[in-house]
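A.B. asks: Chains as they are written, first to last, in the working numbering: chain A, 1 to 609; chain B, 1 to 440.
Bear in mind the hints are in silico, worked out from the structure with no lab data behind them.
From a predicted model like this one, the values you see are computed outputs, not experimental measurements.
Among the hints, erroneous ones may be present.
[To be verified] Ranges of calculated distance between the beta carbons of each label pair, as one might list FRET restraints:
hint, chain 1, residue 1, chain 2, residue 2, range
1, B, Val260, A, Thr225, 35 to 41 Å
2, B, Met252, A, Arg179, 51 to 57 Å
3, A, Phe175, B, Phe249, 54 to 60 Å
4, B, Ile233, A, Leu170, 35 to 41 Å
5, B, Ile215, A, Thr225, 32 to 38 Å
6, A, Ile10, B, Met164, 39 to 45 Å
7, B, Val260, A, Ala144, 23 to 29 Å
8, B, Ala168, A, Ile10, 53 to 59 Å
9, B, Ser265, A, Lys176, 25 to 31 Å
10, B, Val86, A, Tyr9, 33 to 39 Å
11, B, Leu111, A, Thr225, 34 to 40 Å
12, B, Val72, A, Leu170, 26 to 32 Å
13, B, Leu399, A, Asp284, 38 to 44 Å
[Unchecked claim] Heads up, simulated SDA-like pairs for lysine to any residue below, C-alpha to C-alpha not over 20 Å straight-line:
hint, chain 1, residue 1, chain 2, residue 2
14, A, Lys79, B, Ile65
15, A, Lys8, B, Phe204
16, A, Lys168, B, Arg121
[To be verified] Which residues of chain B face chain A? A partial, calculated answer using Cβ under 7 Å:
hint, residue
17, Glu93
18, Gly190
19, Leu194
20, Ile360
Just so you know, even glycine gets a beta-carbon here, dropped at the ideal spot from N, CA and C.
Next come the chains, spelled out residue by residue.
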Amino acid sequence: MNYLENRKYIIQVIFLIVGIVFIVRLFYIQVLDSSYKQAAETNAIKPVIQYPFRGLIYDRDGQLLVQNTPVYDLMIIPKEAKQIDTLRLCELLNIPIEQAREQIKKAKAFSYVQPSIFYQKLSNQELAHVQDNLIDFPGFYINARTARGYPHQSLSHALGYIAEISPKQLEDTTFKGYRPGDYIGKSGIEQEYEKYLMGKRGVKYKMVNVRGVDKGSFKDGAYDTLSIAGENMVSTIDLDLQAYGEHLMNGAKGSIVAIEPATGEILAYISAPFYDPNLFTGKDYGKNYMALLQDPDKTMFNRPIMADRNPPGSIFKLVQALIALEDGVITPNTTFACNKSLVNCHQHPSPLDLYGAVQHSCNPWFFQAYKALINQGKSKNTFTDTSIGLKDWREQVLTFGFGQKLGIDIPGEKTGIIASPALYDKVYGQNRWKYSTIYSLSIGQGELGVTPLQMANFMAIIANKGYYVTPHIIRSIGENGKPLRENQERHYTSVKPQHFEPIIEGMAEVVRAGTARRANLAKVGITVCGKTGTAQNPQGPDHAVFVAFAPKENPKIAIAVYVEHGKWGGQSAAPIAGLMIEKYLTDTVTIKEQEKWVLSREYLNIKSN
Amino acid sequence: MAVEQKVLGGKIVKPSSRRNSRRISQHIDWLTILLYFLLVALGWMNIYAAVYSPDNVVNIFSFDINSGKQLVWIGTSVILILVLMVVDYKVYEHLAYPIYGAVILLLLFTLAVATPIAGSRSWLDLGGGVRLQPAELAKFATALAVSKFLSSVNLRQQNMKDQMILAAITFLPPAIIVLQNETGSALVFGAFILAFFREGMSPFILIVGGAAAFIFIMTLLVPKLYLIIGIFILMGLATWLDYRLMRRFKTMIALFLLVVGMIFSVDYFVNNILQPHQQNRIKALINPEADPLGFGWNVTQSKIAIGSGGFWGKGFLEGTQTKFDFVPEQSTDFIFCTIGEEHGWVGSSILIALFMLLLIRIIAVAERQKSVFGRTYGYCVASIIFFHFLVNVGMTIGLAPVVGIPLPFFSYGGSSLWSFTILLFILLAIDANRSQDLSR
Ligand SMILES: [Zn+2]
Numbered sequence: 001m002n003y004l005e006n007r008k009y010i011i012q013v014i015f016l017i018v019g020i021v022f023i024v025r026l027f028y029i030q031v032l033d034s035s036y037k038q039a040a041e042t043n044a045i046k047p048v049i050q051y052p053f054r055g056l057i058y059d060r061d062g063q064l065l066v067q068n069t070p071v072y073d074l075m076i077i078p079k080e081a082k083q084i085d086t087l088r089l090c091e092l093l094n095i096p097i098e099q100a101r102e103q104i105k106k107a108k109a110f111s112y113v114q115p116s117i118f119y120q121k122l123s124n125q126e127l128a129h130v131q132d133n134l135i136d137f138p139g140f141y142i143n144a145r146t147a148r149g150y151p152h153q154s155l156s157h158a159l160g161y162i163a164e165i166s167p168k169q170l171e172d173t174t175f176k177g178y179r180p181g182d183y184i185g186k187s188g189i190e191q192e193y194e195k196y197l198m199g200k201r202g203v204k205y206k207m208v209n210v211r212g213v214d215k216g217s218f219k220d221g222a223y224d225t226l227s228i229a230g231e232n233m234v235s236t237i238d239l240d241l242q243a244y245g246e247h248l249m250n251g252a253k254g255s256i257v258a259i260e261p262a263t264g265e266i267l268a269y270i271s272a273p274f275y276d277p278n279l280f281t282g283k284d285y286g287k288n289y290m291a292l293l294q295d296p297d298k299t300m301f302n303r304p305i306m307a308d309r310n311p312p313g314s315i316f317k318l319v320q321a322l323i324a325l326e327d328g329v330i331t332p333n334t335t336f337a338c339n340k341s342l343v344n345c346h347q348h349p350s351p352l353d354l355y356g357a358v359q360h361s362c363n364p365w366f367f368q369a370y371k372a373l374i375n376q377g378k379s380k381n382t383f384t385d386t387s388i389g390l391k392d393w394r395e396q397v398l399t400f401g402f403g404q405k406l407g408i409d410i411p412g413e414k415t416g417i418i419a420s421p422a423l424y425d426k427v428y429g430q431n432r433w434k435y436s437t438i439y440s441l442s443i444g445q446g447e448l449g450v451t452p453l454q455m456a457n458f459m460a461i462i463a464n465k466g467y468y469v470t471p472h473i474i475r476s477i478g479e480n481g482k483p484l485r486e487n488q489e490r491h492y493t494s495v496k497p498q499h500f501e502p503i504i505e506g507m508a509e510v511v512r513a514g515t516a517r518r519a520n521l522a523k524v525g526i527t528v529c530g531k532t533g534t535a536q537n538p539q540g541p542d543h544a545v546f547v548a549f550a551p552k553e554n555p556k557i558a559i560a561v562y563v564e565h566g567k568w569g570g571q572s573a574a575p576i577a578g579l580m581i582e583k584y585l586t587d588t589v590t591i592k593e594q595e596k597w598v599l600s601r602e603y604l605n606i607k608s609n
Numbered sequence: 001m002a003v004e005q006k007v008l009g010g011k012i013v014k015p016s017s018r019r020n021s022r023r024i025s026q027h028i029d030w031l032t033i034l035l036y037f038l039l040v041a042l043g044w045m046n047i048y049a050a051v052y053s054p055d056n057v058v059n060i061f062s063f064d065i066n067s068g069k070q071l072v073w074i075g076t077s078v079i080l081i082l083v084l085m086v087v088d089y090k091v092y093e094h095l096a097y098p099i100y101g102a103v104i105l106l107l108l109f110t111l112a113v114a115t116p117i118a119g120s121r122s123w124l125d126l127g128g129g130v131r132l133q134p135a136e137l138a139k140f141a142t143a144l145a146v147s148k149f150l151s152s153v154n155l156r157q158q159n160m161k162d163q164m165i166l167a168a169i170t171f172l173p174p175a176i177i178v179l180q181n182e183t184g185s186a187l188v189f190g191a192f193i194l195a196f197f198r199e200g201m202s203p204f205i206l207i208v209g210g211a212a213a214f215i216f217i218m219t220l221l222v223p224k225l226y227l228i229i230g231i232f233i234l235m236g237l238a239t240w241l242d243y244r245l246m247r248r249f250k251t252m253i254a255l256f257l258l259v260v261g262m263i264f265s266v267d268y269f270v271n272n273i274l275q276p277h278q279q280n281r282i283k284a285l286i287n288p289e290a291d292p293l294g295f296g297w298n299v300t301q302s303k304i305a306i307g308s309g310g311f312w313g314k315g316f317l318e319g320t321q322t323k324f325d326f327v328p329e330q331s332t333d334f335i336f337c338t339i340g341e342e343h344g345w346v347g348s349s350i351l352i353a354l355f356m357l358l359l360i361r362i363i364a365v366a367e368r369q370k371s372v373f374g375r376t377y378g379y380c381v382a383s384i385i386f387f388h389f390l391v392n393v394g395m396t397i398g399l400a401p402v403v404g405i406p407l408p409f410f411s412y413g414g415s416s417l418w419s420f421t422i423l424l425f426i427l428l429a430i431d432a433n434r435s436q437d438l439s440r
């Protein structure tokens with residue numbers, strides 16, 4: 001035991017050695033080395049963050065969509081702001097004294113020596129007032145930084161906005177390197193491309209004495225880093241078309257999405273009602289934001305990618321026809337009678353072949369075609385057969401980009417709903433539902449939900465005769481950057497190209513002599529192919545849909561127009577689409593009577609049925 | 001009266017609780033208690049100094065500031081002490097394993113349910129704004145379990161199985177704590193090695209551990225090539241001068257290659273395996289100015305604060321560097337800066353001396369225990385306090401990496417004060433009853 005007992009001395013010696021080393025080290029730091037005393041006098045190194053310019057965003061023709069504008073904040077360093085005439089400061093800024101006191105209290109709570117914002121975004125007039133009198137207010141200074149500015153007031157929902165990073169985001173490791181008060185993209189392109197747009201911050205180290213007086217840069221800037229500006233972006237948006245679409249939708253509710261079929265580039269992206277993006281850059285950002293968030297028209301709802309609860313209506317008949325052709329259960333010449341005992345219809349010639357059925361949107365025709373598609377006799381049991389048919393059908397529908405996120409570069413996209421056997425099994429029980437339960441799918445009603453973006457993408461598919469490129473709103477990063485690779489891949493549908501021909505012919509007839517004559521551009525030599533639809537709305541007047549692409553021979557634009565409470569696609573949505581197509585393809589508008597009709601909002605007064 | 005006392009001081013023990021408490025007060029180690037209260041009181045005053053602002057003077061007792069809150073923690077600690085002294089001292093030994101098991105479960109439970117606070121999943125929300133850090137409880141619980149185990153085995157016999165069990169008991173809690181992202185608290189458990197050494201662990205482990213730590217730090221400080229040349233010359237000289245080593249020439253070469261291998265693996269470990277924030281902590285130790293905004297900022301600012309204190313210090317509440325935000329976490333992990341600045345070299349040295357005194361007193365208390373359990377526990381207490389002292393003071397003067405662990409009895413914070421109070425007073429409770437072991 002004795003030899004172990006001696007170890008107590010070793011342990012005590014270890015303790016004492018550490019104690020002595022510490023005391024000696026302290027003697028060196030505190031008594032011998034005078035550099036720390038000097039450092040305390042000339043004092044602390046103060047890191048000053050150099051904010052980079054956020055990347056600019058251009059439209060497809062090089063017009064500026066988003067820029068940076070200088071803003072000036074009045075800053076306060078509480079330690080130096082002593083015995084100031086708060087009342088006079090309030091008079092200069094025209095703010096109540098309580099607000100000033102509150103700000104000073106907040107600043108003190110944050111830090112005595114580090115600056116806090118006392119008053120954000122001074123107007124030019126305020127800036128002039130304050131700057132002249134700044135000398136009387138020690139501890140206050142003006143800090144210049146940049147904020148987002150929008151020369152055109154367009155594209156609010158797609159651009160998104162930036163705002164101060166939230167405390168929750170600060171705790172998230174994805175946002176490592178951000179500090180409280182930093183700005184970050186909160187929605188839209190600003191959020192999606194944050195890492196490119198934000199650039200790289202720099203740091204300048206300044207020597208500051210105890211009283212906060214600047215003593216020059218630390219070690220002549222040897223440790224300073226320069227800020228690097230964020231990447232500029234080129235959008236696929238056509239600003240003129242976008243602005244025109246917003247003009248047409250002003251006062252209405254709904255969406256317009258226009259896509260270049262060959263590339264998937266989004267030409268116009270309208271969510272109505274929209275707002276001036278400049279509302280989110282000013283002092284009143286918080287107030288404006290709350291007002292928009294609470295308004296009954298749901299302005300902040302990003303309709304083109306989020307409105308996925310409503311059935312697409314008749315436009316979905318095109319999907320049913322395409323899959324039925326692919327499965328060989330119909331041919332272009334298959335005729336069905338307009339048997340109104342199956343499902344109701346309106347007056348038109350009967351019986352019809354596929355072309356006529358598309359042109360006249362005959363409900364019983366599609367009831368029978370869809371029945372042939374769903375009940376192919378793969379099982380002798382009707383219930384099982386329906387379930388198999390629906391499952392096979394659903395798989396093909398998904399290849400059109402329905403029922404899933406398309407992957408657009410705007411955050412918040414919804415999937416939509418496509419009916420599945422599981423869904424009906426849950427509601428009715430397995431083997432307890434058959435075609436008579438689900439027939440409304442044949443005409444685009446029932447358990448279907450499609451976003452306006454998916455509708456526009458569907459038009460791109462028909463224009464391309466069988467494939468789509470993921471819709472996207474940013475073409476390249478950097479002004480002369482190459483297109484992003486993920487935006488060039490083609491996604492093929494299950495339907496072979498030749499089956500699209502009869503559908504396209506039928507769609508041309510819809511515009512020439514069918515329900516969508518208001519979208520006709522024959523007089524300027526453009527053949528528009530389209531299809532109208534009505535989305536049933538249990539809460540009020542039905543929503544109107546029109547989808548189209550043009551020109552028929554060499555499609556350059558695919559478009560979906562969705563007008564809430566627009567009742568008839570042919571009356572409200574079709575003329576808007578026609579105007580957009582003409583505007584894009586010819587840069588002028590000749591169908592002035594349609595423009596007048598749309599802007600008059602007369603279509604809202606047409607009686608249903 | 002005098003007669004009765006004499007009898008009590010002898011061997012006759014009467015089962016009277018009044019007499020029992022009197023006997024405890026006779027045997028209690030008043031010097032340790034004095035040192036404890038001295039450190040707690042000085043800590044409290046310095047917490048006030050750290051949050052004191054000449055522009056906005058708040059009473060030291062105000063609950064709006066840390067010093068007022070700390071007073072509540074101190075008050076509750078006194079109640080804890082009374083409870084610990086009244087409880088039958090034998091429960092600590094008898095219930096060592098159950099306590100340990102319960103704490104392990106609590107650690108796992110915390111890991112599962114805790115909502116991360118600044119990346120750490122170590123806080124258990126008890127509701128009403130009260131939070132508990134079970135990692136703090138793990139220290140005394142592990143000390144109890146380790147002591148209980150060592151009192152039943154003999155470490156000197158190099159029994160592999162026993163050593164494995166001991167290692168498992170010691171390193172299970174820190175493993176869970178690392179998963180909670182509290183690496184600093186987990187490192188503390190390495191301190192138990194000192195207690196094992198006292199109980200017969202081979203000194204080889206201590207030496208190898210020390211040498212490894214030395215090479216680890218040198219690898220960070222000195223370029224690899226210079227270090228290898230230096231070690232080569234050193235070992236070569238030793239081999240040249242000592243004929244015993246000369247005879248083991250091959251062993252020396254193997255040893256040298258081993259060291260070179262270690263240097264490269266340390267280099268790889270730091271630069272490729274450690275996460276960036278861990279790298280920064282270690283690199284800030286070597287060259288704080290390279291990262292003045294990050295962890296280097298803390299070290300630089302704390303050295304400036306301490307260094308500006310000079311010989312005598314600037315005086316109580318007169319510090320400028322430790323006020324406001326120049327030094328981060330002034331009242332918790334960087335509390336030593338306040339002493340350094342306001343009380344200078346003299347004050348800092350006195351504080352260090354107080355800690356030395358306390359540690360040596362604890363060793364003395366441990367050595368006078370008649371049971372292996374009591375003695376081992378005493379050494380565990382000393383080791384834990386020593387490790388906290390070493391790392392906490394070391395980091396403020398740039399001798400240890402920035403690891404967020406508090407200065408015992410001194411730093412602001414309820415969990416930490418309670419944990420050290422329990423740790424120390426279990427020892428004093430065992431110590432006060434040591435004569436009962438004598439009479440057994
Ligand atoms: Zn019909």
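A.B. asks: Determine for every hint whether it applies to the structure shown.
C.D. replies: Quick rundown of the hints versus the structure:
Our hint of 35 to 41 Å for Val260/B and Thr225/A holds, since their Cβ atoms are close to 36 Å apart. Separation of Met252/B from Arg179/A is about 53 Å and conforms to the stated range, judged on CB atoms against 51 to 57 Å. Checking the proposed 54 to 60 Å range against Phe175/A and Phe249/B shows it holds: the Cβ atoms sit about 58 Å from each other. Between Ile233/B and Leu170/A the Cβ separation comes to about 51 Å, which falls outside the hinted range of 35 to 41 Å.
Between Ile215/B and Thr225/A the C-beta distance comes to about 34 Å, which sits within the given range of 32 to 38 Å. Range check, Ile10/A to Met164/B: Cβ separation about 25 Å, and the 39 to 45 Å hint is violated. Between Val260/B and Ala144/A the Cβ separation comes to about 55 Å, which falls outside the hinted range of 23 to 29 Å. Separation of Ala168/B from Ile10/A is about 26 Å and departs from the stated range, judged on CB atoms against 53 to 59 Å.
Distance hint check: the CB atoms of Ser265/B and Lys176/A are about 28 Å apart, consistent with the given range 25 to 31 Å. Val86/B and Tyr9/A have their C-beta atoms about 35 Å apart, which keeps the hinted 33 to 39 Å range intact. Against the hinted window of 34 to 40 Å, the Cβ-Cβ separation of Leu111/B and Thr225/A comes to about 38 Å, which satisfies the hint. Between Val72/B and Leu170/A, the C-beta spacing of about 30 Å keeps the proposed range 26 to 32 Å intact.
Take Leu399/B and Asp284/A: their Cβ atoms lie about 53 Å apart, and the range 38 to 44 Å is violated. Distance hint between Lys79/A and Ile65/B is fulfilled; the C-alpha atoms sit about 19 Å from each other, no more than 20 Å. Note on Lys8/A and Phe204/B: the hinted pairing holds, with a Cα-Cα distance of about 16 Å set against a maximum of 20 Å. Proposed proximity of Lys168/A and Arg121/B is supported: the alpha carbons are some 16 Å apart, at most 20 Å.
Taking 7 Å as the C-beta contact cut-off toward chain A, the hint placing Glu93/B at the interface is violated, the least distance being around 21 Å. Interface restraint check: Gly190/B against chain A, minimum CB-CB distance 14 Å, threshold 7 Å, status violated. Hint status for Leu194/B: holds, given a least beta-carbon distance of 6 Å to chain A, under 7 Å. For Ile360/B, the shortest C-beta to C-beta distance to chain A is roughly 6 Å, which falls under 7 Å, so the interface hint holds.
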